[in-house]
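Asks: The listed protein sequences correspond, in order, to chains A and B. Here my numbering is used: the first residue of the first sequence is 279, the next is one more, and so on. Here my numbering is used: the first residue of the second sequence is 9, the next is one more, and so on.
Since the hints were derived computationally from the structure, they do not count as laboratory data. Idealized CB from N, CA, C, for every residue including glycine. One thing to keep in mind: the hints can contain errors.
As the list claims (entries may be wrong) - Label-pair ranges, simulated between beta-carbon atoms:
#1 B/20 - A/332: 43 to 51 Å
#2 A/354 - B/49: 47 to 55 Å
#3 A/309 - B/35: 43 to 51 Å
#4 B/85 - A/375: 37 to 45 Å
#5 A/319 - B/69: 18 to 26 Å
#6 A/332 - B/91: 15 to 23 Å
#7 A/305 - B/49: 16 to 24 Å
#8 B/24 - A/332: 38 to 46 Å
#9 A/319 - B/81: 21 to 29 Å
#10 B/75 - A/332: 37 to 45 Å
#11 B/22 - A/358: 37 to 45 Å
#12 B/77 - A/304: 30 to 38 Å
#13 A/336 - B/13: 27 to 35 Å
What the hints assert, rightly or not - In silico lysine to aspartate or glutamate, EDC-like type, Cα no more than 20 Å apart, as pairs:
#14 B/112 - A/285
#15 A/320 - B/46
#16 A/323 - A/334
#17 A/280 - B/87
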Amino acid sequence: RKEVEQDPGPFNVPEGATVAFNCTYSNSASQSFFWYRQDCRKEPKLLMSVYSSGNEDGRFTAQLNRASQYISLLIRDSKLSDSATYLCVVNADYGQNFVFGPGTRLSVLP
Amino acid sequence: EADIYQTPRYLVIGTGKKITLECSQTMGHDKMYWYQQDPGMELHLIHYSYGVNSTEKGDLSSESTVSRIRTEHFPLTLESARPSHTSQYLCASSSWSGTAVNEKLFFGSGTQLSVL
Chain A
279 RKEVEQDPGP FNVPEGATVA FNCTYSNSAS QSFFWYRQDC RKEPKLLMSV
329 YSSGNEDGRF TAQLNRASQY ISLLIRDSKL SDSATYLCVV NADYGQNFVF
379 GPGTRLSVLP
Chain B
9 EADIYQTPRY LVIGTGKKIT LECSQTMGHD KMYWYQQDPG MELHLIHYSY
59 GVNSTEKGDL SSESTVSRIR TEHFPLTLES ARPSHTSQYL CASSSWSGTA
109 VNEKLFFGSG TQLSVL
């Protein structure tokens with residue numbers, strides 16, 4: 279079993295749709311959680327950190343459930359420019375390495 | 009924007025050549041990483057470093073080697089390139105200011121290596 283698992287995708291959605299990505303992690307010692315976005319043949323870029331209280335950045339909302347070891351990302355009113363692969367990333371502590379999920383690819387269609 | 013730079017951006021080279029992929033960061037980060045990624049596939053950690061004179065092998069076995077003589081510089085070397093080394097190589101560094109909660113990972117733009 280992988281340490282970080284994500285919805286297999288791909289997700290093909292029309293513009294304006296709301297789309298939700300799910301991620302689970304197996305290491306209960308994980309302390310920090312992130313969503314990264316990666317465009318084709320580009321480097322991953324930090325989209326947002328994920329906090330226990332949940333956090334929102336414009337059309338993006340991230341939630342963390344430590345008890346269930348589950349992370350989610352909600353994109354509202356999706357745009358064509360949201361098309362990318364979304365990577366769930368967790369980190370246990372300094373000295374440990376960031377663990378990446380396999381990613382979920384999103385295609386927003388006109 | 010993160011200040012981490014990789015050169016070259018693209019490299020096409022013949023089998024058997026020695027190559028060095030450069031990575032530099034100006035953020036003063038202690039920890040640096042090299043990842044390998046094939047198109048449409050997952051990222052694989054091949055090397056990392058906790059700081060000067062520290063180098064560790066990652067989760068994926070790699071024939072490459074790394075060095076960390078200066079905090080800001082973390083080059084990756086392939087002594088004899090082969091077609092199986094064709095891939096994208098991504099360098100990264102991470103911030104840490106006391107807790108893992110504040111540690112974030114930043115990537116360079118990557119080097120796309122093609123070995124003929």
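Asks: All the hints need checking, so say for each whether the structure fits it.
Replies: The hints, checked one at a time:
| no. | hint | verdict |
| --- | --- | --- |
| 1 | B/20 - A/332: 43 to 51 Å | 46 Å, holds |
| 2 | A/354 - B/49: 47 to 55 Å | 29 Å, violated |
| 3 | A/309 - B/35: 43 to 51 Å | 21 Å, violated |
| 4 | B/85 - A/375: 37 to 45 Å | 21 Å, violated |
| 5 | A/319 - B/69: 18 to 26 Å | 24 Å, holds |
| 6 | A/332 - B/91: 15 to 23 Å | 47 Å, violated |
| 7 | A/305 - B/49: 16 to 24 Å | 22 Å, holds |
| 8 | B/24 - A/332: 38 to 46 Å | 54 Å, violated |
| 9 | A/319 - B/81: 21 to 29 Å | 25 Å, holds |
| 10 | B/75 - A/332: 37 to 45 Å | 42 Å, holds |
| 11 | B/22 - A/358: 37 to 45 Å | 40 Å, holds |
| 12 | B/77 - A/304: 30 to 38 Å | 37 Å, holds |
| 13 | A/336 - B/13: 27 to 35 Å | 29 Å, holds |
| 14 | B/112 - A/285 | 23 Å, violated |
| 15 | A/320 - B/46 | 11 Å, holds |
| 16 | A/323 - A/334 | 17 Å, holds |
| 17 | A/280 - B/87 | 32 Å, violated |
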